[in-house]
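Number of protein chains: 2
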Amino acid sequence: MAKKNLAVGIDIGGTNTVFGFVDREGNIVAEGRMTTCNYEKAEGYIAALYEKIMLTGKEIKQGFELKGFGIGAPMGNINKGTIEYSAALPWKGVIPLSDIFHAHTKLPVIVTNDANAAAVGEMIYGGAKKMKDFVVITLGTGLGSGFVVDGKLMYGHDGFAGEIGHTPVRPESSDRECGCGKKGCLETYVSATGLKRTFIKILADSRQPSEFRKYSFDAINAEMIFNAAKKGDKLAIRAFEKTGKILGYKLAEVISHTSPEAIFLFGGLAMAKDLIFKPAKKYMEEYLLSIYQNKVKLLPSKLNTKNAAVLGASSLVWSNIES
Amino acid sequence: MAKKNLAVGIDIGGTNTVFGFVDREGNIVAEGRMTTCNYEKAEGYIAALYEKIMLTGKEIKQGFELKGFGIGAPMGNINKGTIEYSAALPWKGVIPLSDIFHAHTKLPVIVTNDANAAAVGEMIYGGAKKMKDFVVITLGTGLGSGFVVDGKLMYGHDGFAGEIGHTPVRPESSDRECGCGKKGCLETYVSATGLKRTFIKILADSRQPSEFRKYSFDAINAEMIFNAAKKGDKLAIRAFEKTGKILGYKLAEVISHTSPEAIFLFGGLAMAKDLIFKPAKKYMEEYLLSIYQNKVKLLPSKLNTKNAAVLGASSLVWSNIES
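One line per chain: the protein sequences are F and A, in this order.
For the first sequence, the working numbering assigns the number 1 to the initial residue and increments by one for each residue that follows.
For the second sequence, the working numbering assigns the number 1 to the initial residue and increments by one for each residue that follows.
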């Protein structure tokens, strides 16, 4: 039997690192995880990670040929193979991730941020297989975006294209503080954290009875608000509507920049389905210039599984081989 | 002597059409013009235009080989070679400009909007010769934008990428009506017309004496405001500052989408130099996410001459040949 080609996808998060061996069709044949934050230096972390990956590879029964490593990491820079000044990770400054990795392997190592990895994943395995121009918006703790233009991931001049999470929703008139040091960034409204902040402000303005008045800010999370909204809680539904509306007009703006065929929503908040898609679609169409209206598809990511980040990271390897 | 290669650049405006025979270095060797609005049908207009171009070509002394026609037109669609629903032109609906032109010639005919033509012109003849990722913003009666991504003009899925003139400055809180039917679009603030509207509102709020109180809305234009600002008129300077500020934070947003090496300002308002560049640069940097700060050049277009639009249109031919 011919050897199967596999790629390793690695998702580096602030707390945990998850990885998997993935085939060209997006099947994960082996996987593993380790903590990210136990290593003072990136070199030690990578050495431990590489060893763990190799051990996991030995468990795979079928013969395979490894084609490379794809890494999704906060502030990952695809031009340079680095992580730069990531607030989420334990190592400060510019970390030459790809170089450190190459001390262990001669195979290709491609580094990018989670949202770019999700965009390539959508193109290689997901709903954008036949698309040349599309956008993926990742809605997690923050908001990321990856743009594919004419069949290729858009890097920009310095490898940092697609940071729309830090564009303002209302310049100069928002008090909502962002982790980046500015106020009123899109991700302070449209993300799991943003939904919660909006919900708690709605709760404070309203006089309506709510079980949530018993919980602290820290105790409330997006999933609780989602469950309440599903049961018909009006304040929770209003929080989703407001979040979707802000997302909708930012999507109109995104379309005016790059004129995509589709926009995919990826991650936790996107799983709230109609609660977020309905207002987002409505206000997106309302704010769109007429030449774009009723043309651009707003779709859930087809990678929306627990392994989505690993899939996205692994897809970088196939994309690198096939381009 | 070898024949010189020439391209015809055509700039179609609502009132006049201007064209020129241009060499690869951006020298215009012959030019001409005709009215746009005398022709009820696009077919008749194109027939007359083609004849006029051929007559002008006969005046060129040196032997040359014509390589194609580049056309810049409002709502020109590069994917389809059409003009679509342009409010500025006399022909309604979708006009298959390239097809109509091909009744007269077998040479390539490339159609796009003025801003995309300006972007390609900057790359072929101007300040972006060695750049692969940059943006051109055209500031005329309206505001257009052309994006070059990885060395190629970004069209988007339907050929309409780069309509940032119709993204909102402040969603839901602007009363300023736009020609597109929406309110508060960027071009209602940042354009020759936008500057004038802002200036007249500043005049209405202020109690400061001003010669402009003698002039009607219709009698005031951007050039008068520019001349007043140069002489130190505080209200005129304030209008430029406000316009530059709004431009500045929109530029920050543009950078967060595509991460360009440089942004070029093109057209009348850009010729106001520091009056517009200083506030635009200041607020652009202020609103930028730190990873982009002090990296992106804000530059005047090197095509800023009276023939810029013809140059831009002609460059489409070279770009088509060389890509």
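Treat the hints with care, since some could be wrong.
Note that the list lumps identical chains together, so a pair holds whenever it fits in one copy or between two copies.
What the hints assert, rightly or not - The list that follows gives simulated cross-link-like pairs (lysine-lysine, BS3-like), each with its CA atoms no further than 25 Å apart:
(1) K281 <-> K182
(2) K80 <-> K297
(3) K183 <-> K242
(4) K61 <-> K295
(5) K80 <-> K130
(6) K182 <-> K295
(7) K4 <-> K67
(8) K52 <-> K234
(9) K196 <-> K3
(10) K152 <-> K183
(11) K295 <-> K183
(12) K183 <-> K129
(13) K80 <-> K295
(14) K41 <-> K129
(15) K58 <-> K106
(16) K214 <-> K52
(17) K278 <-> K182
(18) K92 <-> K183
(19) K92 <-> K282
(20) K152 <-> K295
(21) K80 <-> K273
Since the hints were derived computationally from the structure, they do not count as laboratory data.
Verification of the supplied hints:
1. Proximity of K281 and K182 under a CA criterion of 25 Å is satisfied inter-copy only: 18 Å between copies versus 27 Å inside one chain copy.
2. In this homomeric assembly, K80 and K297 come within 25 Å of each other (Cα to Cα) only across copies, at 21 Å, whereas the closest approach inside a single copy is 33 Å.
3. Proximity of K183 and K242 under a CA criterion of 25 Å is satisfied in both settings, with 18 Å inside one chain copy and 20 Å between copies.
4. Taking the closest pair of Cα atoms, K61 and K295 never come within 25 Å of each other, the shortest separation being 47 Å inside a single copy and 50 Å across copies.
5. In this assembly of identical chains, the alpha carbons of K80 and K130 lie at most 25 Å apart only when taken from different copies (20 Å versus 28 Å within one copy).
6. In the homo-oligomer, the alpha carbons of K182 and K295 lie at most 25 Å apart only across protomers (18 Å), although the nearest pairing inside one protomer, at 34 Å, exceeds that limit.
7. When the C-alpha separation of K4 and K67 is checked against a cutoff of 25 Å, the pair qualifies only within one copy, where the shortest distance is 10 Å, while the shortest distance between copies is 50 Å.
8. In the homo-oligomer, the alpha carbons of K52 and K234 never lie at most 25 Å apart, since the shortest distance is 48 Å inside one protomer and 67 Å across protomers.
9. With identical chains, the CA atoms of K196 and K3 are never at most 25 Å apart, being 48 Å at best within one copy and 69 Å at best between copies.
10. For the identical chains of this complex, K152 and K183 are neighbours neither inside a copy (32 Å) nor across copies (34 Å), given an alpha-carbon limit of 25 Å.
11. Taking the shortest alpha-carbon separations for K295 and K183, only the inter-copy value of 22 Å comes in at or below 25 Å, while the best intra-copy value is 32 Å.
12. For a Cα distance limit of 25 Å, the shortest separation of K183 from K129 qualifies neither inside one copy, at 37 Å, nor across copies, at 37 Å.
13. In the homo-oligomer, the alpha carbons of K80 and K295 lie at most 25 Å apart only across protomers (16 Å), although the nearest pairing inside one protomer, at 36 Å, exceeds that limit.
14. Proximity of K41 and K129 under a CA criterion of 25 Å is satisfied in neither setting, with 38 Å inside one chain copy and 42 Å between copies.
15. Proximity of K58 and K106 under a CA criterion of 25 Å is satisfied intra-copy only: 19 Å inside one chain copy versus 62 Å between copies.
16. In the homo-oligomer, the alpha carbons of K214 and K52 never lie at most 25 Å apart, since the shortest distance is 44 Å inside one protomer and 79 Å across protomers.
17. Taking the shortest Cα distances, K278 and K182 sit within 25 Å of each other only across copies (22 Å), while inside one copy they are farther apart (29 Å).
18. When the C-alpha separation of K92 and K183 is checked against a cutoff of 25 Å, the pair qualifies only within one copy, where the shortest distance is 23 Å, while the shortest distance between copies is 44 Å.
19. In this homomeric assembly, K92 and K282 never come within 25 Å of each other (Cα to Cα): the closest approach is 42 Å inside a single copy and 28 Å across copies.
20. When the C-alpha separation of K152 and K295 is checked against a cutoff of 25 Å, the pair qualifies both within a copy, at 21 Å, and between copies, at 24 Å.
21. In the homo-oligomer, the alpha carbons of K80 and K273 never lie at most 25 Å apart, since the shortest distance is 36 Å inside one protomer and 35 Å across protomers.
Consistency note: the structure conflicts with the earlier hints numbered 4, 8, 9, 10, 12, 14, 16, 19 and 21.
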